[in-house]
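Model the full assembly from the supplied sequences, consistent with the hints where possible.
Number of protein chains: 2
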Amino acid sequence: MKLATLKHGGRDGTLVVVSRDLTRCRAVPAIARTLQAALDDWAVCEPQLRQVYEAVNSGAVDAQPFDQAACASPLPRAYQWADGSAYLNHVELVRRARNAEVPASFYTDPLMYQGGSDSFIGPRDAVVADEAWGIDFEAEVTVVTGDVALGASPEEAAQAIRLVMLVNDVSLRNLIPNELAKGFGFFQSKPASAFSPVAVTPDELGAAWKDAKVHLPLVVHLNDKLFGKPNAGVDMTFDFGRLVAHVAKTRALEAGSIIGSGTVSNKQGDLWGSSIEHGGVGYCCLAELRTYETIEQGKPATPFMGDGDTVRIEMFDREGRSVFGTIENRVAALGG
Amino acid sequence: MKLATLKHGGRDGTLVVVSRDLTRCRAVPAIARTLQAALDDWAVCEPQLRQVYEAVNSGAVDAQPFDQAACASPLPRAYQWADGSAYLNHVELVRRARNAEVPASFYTDPLMYQGGSDSFIGPRDAVVADEAWGIDFEAEVTVVTGDVALGASPEEAAQAIRLVMLVNDVSLRNLIPNELAKGFGFFQSKPASAFSPVAVTPDELGAAWKDAKVHLPLVVHLNDKLFGKPNAGVDMTFDFGRLVAHVAKTRALEAGSIIGSGTVSNKQGDLWGSSIEHGGVGYCCLAELRTYETIEQGKPATPFMGDGDTVRIEMFDREGRSVFGTIENRVAALGG
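Residue numbers (the numbering used here), protein chains in the order written: chain A, 2 to 337; chain B, 2 to 337.
Simulated from the structure, these hints should not be mistaken for lab results.
It is possible that part of the hints are untrue.
You can't tell identical chains apart in this list, so a pair holds if it fits in one copy or across any two.
As the list claims (entries may be wrong) - Pairs of lysine-lysine, DSSO-like flavour, derived with a Cα cap of 30 Å:
1. K300 with K8
2. K300 with K211
3. K226 with K300
4. K250 with K8
5. K268 with K8
6. K8 with K183
7. K211 with K268
8. K8 with K211
9. K183 with K250
10. K183 with K300
11. K226 with K183
Take a look at the structure:
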C-alpha cells in the first residue's frame, strides 16, 4: 500500500491513497483525514485503506491525478524523528581520513541522534540555508513505527514497522564541528529534513524487504548527474529492528515515530567509496566524497551545495518503477 | 490564563481551562478539543479561551473539580522538545569538579539538545527505569511557542512565547558518559519527561515574567524534604527569547514547540551550590549535589533515585499560591 499527504488541508495536510504506479490518488476522509490519524488507529484504518488501495489500482473507484509536487512530507510534522548511523562504512571513512580507529562499541551499539520533527519541508521544497553553513544532503531510508513498548526487543520493534520512506537529511557541515565540540550533539547543524512523496507499507517492497532492511539501490543525482546508487541492503550493520529497539531501551515510542538509517554507504572492495566515474556505486552525501578526496589527495576538492544546486533522491524496484516518488530539493541560499 | 489536559479523550487528551486557584476546570470542545489544536489556531482560540477563563474564575459558568492527578502533560505528545542549559552555574560546577575550564563560547552560544517528544509521562506518573541507569530528576522552566520564522531575533522569538510550564527532565546519569563519548549527544540517557499539570500564559505570572524569564523560586522536594528553591530568574545566562532564537537559527519552529531552560541553578556567593541544610537555596537535580560533594569531599555521597523515591516540583507566586500545580514523580524500578 502507498500513502501520501497533499499539502492542502491544514498543517497536517490531506492523506491520500496512491496507486502503485504513482499516477492516481484518492483522499479518504471517511477513514482518516491525516496520516498521523491513520497511524494512531492503524488496526482499524489499515484494512480500510488497503481496500481503497486495491480499488484505486484496479480503477474501481474514482481517483484524481497524483502530483508529487503537491505533496508535503508524508508526516508534515511528526512526534519523533531519530536518525541512526547504521552504515558504518561512512564512519570508518571519516575516521580513516583523520587516522583514527572506530571504537569497537560502534559495531554493537548504534549511533543515533534525536532530530527536529516539528516542521519538515516537502519533498520538492527548497532548502533555505546560508551557503557558509556548508549545505549537504544525506540520502537515507527511514521507517515509521506504530506504538512500541519500553524495552521492546529488535524482533518486537521490527513487527511495529508500519511504513518505509526515503529522506534527505539535510546537514550543515560547517556548523557540525563546533556543535559536536560542545558535547550535546547536532542541533543547528540539522535543519528541516525532506521525506519522499510516498510512504509504503513493507509488503509493498516484496522480496526487497528482508531482515528489516530495504535491499534496493538508493539513487542520488546531483544537478541531474548520477552521484550515488549504493544498495541500502548492503553493509547496514544495524537493521531497522535494532535501530527501533535502541530508541525503546529507555522509553516507549508513540505511533508515527520516524527512525532513520543514516546515510547509506557501501564498502567497495579494497576501495573505500569509489565514485560513479571510477566504476563504483558512489555516495549518498557530499561529505563522503570529500572525505575520500581528503584520504586520496590530502584535502577535499568538491564544494558543498550552492544556490540553485539540486539533489534528487529516489529508489526503483527490480522492474525499474519508482517506489517512493522523487525527493528533489533545490538550494535557495539565504541572503544570496 | 491557565490550561491543562485531562488524560481521557484519546492520545492528546482533553483540553480544559483551569481556574486561577486550580480548584475548577471546564472542557472547551467548541473552541478546541486539544491544546495542540488551540496552539495551531491561537489567534482565534486565545480570546475565546480567555472568556471561558474569566467565567470559570468568576463562577459565571459551570465547572468541574480540577484533579491534578487526572492530568496528562499539557501536551501529552509534542512536535518538539528542545532543552537548553541556560544556568551556567551548573556547567561551571561540573567542570570545576574535574578541574576543567568552561569554554568562553558557552557564555555567548547556548548549549541545547533535542529531546524526545513523542510520549511524555504525566505530571503524577511513575518514572519507570532501571536503578542501574542512575535515575535523576532535573527541575526546569519551559515555554511553549507559536510559529517562529527561520532566523527570528530573540525579541521576535520572545513575542512568540504562548505558555510557560515546569518540567521534570528525567536523566539517566549512568548512561550519559558513554553516550556523550560517542559524540552524538544524549539519547537513551533522556527518557520521557513530565511537565507540570498546568500551563499558563506569561501574563498570568504578572511582574514575575520579566525579560523573558520567570522570577520565582523553583521548589523541589525529594521524599517530602525540601531539596532546592533556586530562583529561576537569577543566573539565567540566556533568556527564553535567546533560547528560542537559537533553535530558529537554521529552521522554523512549528506552533507547540517546547523549549526548556535546563536545570535551574543559582550561584551562591562564594559557595557553589549550598545545600538547604547549610542555608543555601539547594539544587534542582541530584547530580549538582553530587558534584558539590565531589569538590568538597573527593567523591559523591548522595545516591541517585531508587525504587519508591519521589520528587516533587512546583512554583508559588508571591502570595504563596501554586502557579502550575505540582509535578510528583515516583520511581518504579524496572525489574526491581
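Evaluation of the provided hints:
1. Neither within a single protomer nor between protomers do K300 and K8 lie at most 30 Å apart by alpha-carbon distance, with minima of 42 Å and 56 Å respectively.
2. Taking the shortest alpha-carbon separations for K300 and K211, neither the intra-copy value of 39 Å nor the inter-copy value of 50 Å comes in at or below 30 Å.
3. When the C-alpha separation of K226 and K300 is checked against a cutoff of 30 Å, the pair qualifies only within one copy, where the shortest distance is 23 Å, while the shortest distance between copies is 59 Å.
4. Within a single copy, K250 and K8 get their C-alpha atoms only as close as 35 Å, which misses the 30 Å cut-off; across copies the closest is 25 Å, which meets it.
5. Taking the shortest alpha-carbon separations for K268 and K8, neither the intra-copy value of 38 Å nor the inter-copy value of 49 Å comes in at or below 30 Å.
6. In this assembly of identical chains, the alpha carbons of K8 and K183 never lie at most 30 Å apart, being 37 Å within a copy and 38 Å across copies at closest.
7. In this assembly of identical chains, K211 and K268 lie within 30 Å of each other by CA distance solely inside one copy; the values are 20 Å within and 56 Å between copies.
8. Taking the shortest Cα distances, K8 and K211 never come within 30 Å of each other, neither inside one copy (32 Å) nor across copies (39 Å).
9. When the C-alpha separation of K183 and K250 is checked against a cutoff of 30 Å, the pair qualifies both within a copy, at 25 Å, and between copies, at 17 Å.
10. Proximity of K183 and K300 under a CA criterion of 30 Å is satisfied in both settings, with 25 Å inside one chain copy and 25 Å between copies.
11. Taking CA atoms no more than 30 Å apart as the test, K226 paired with K183 passes in neither setting, with 37 Å inside one copy and 35 Å between copies.
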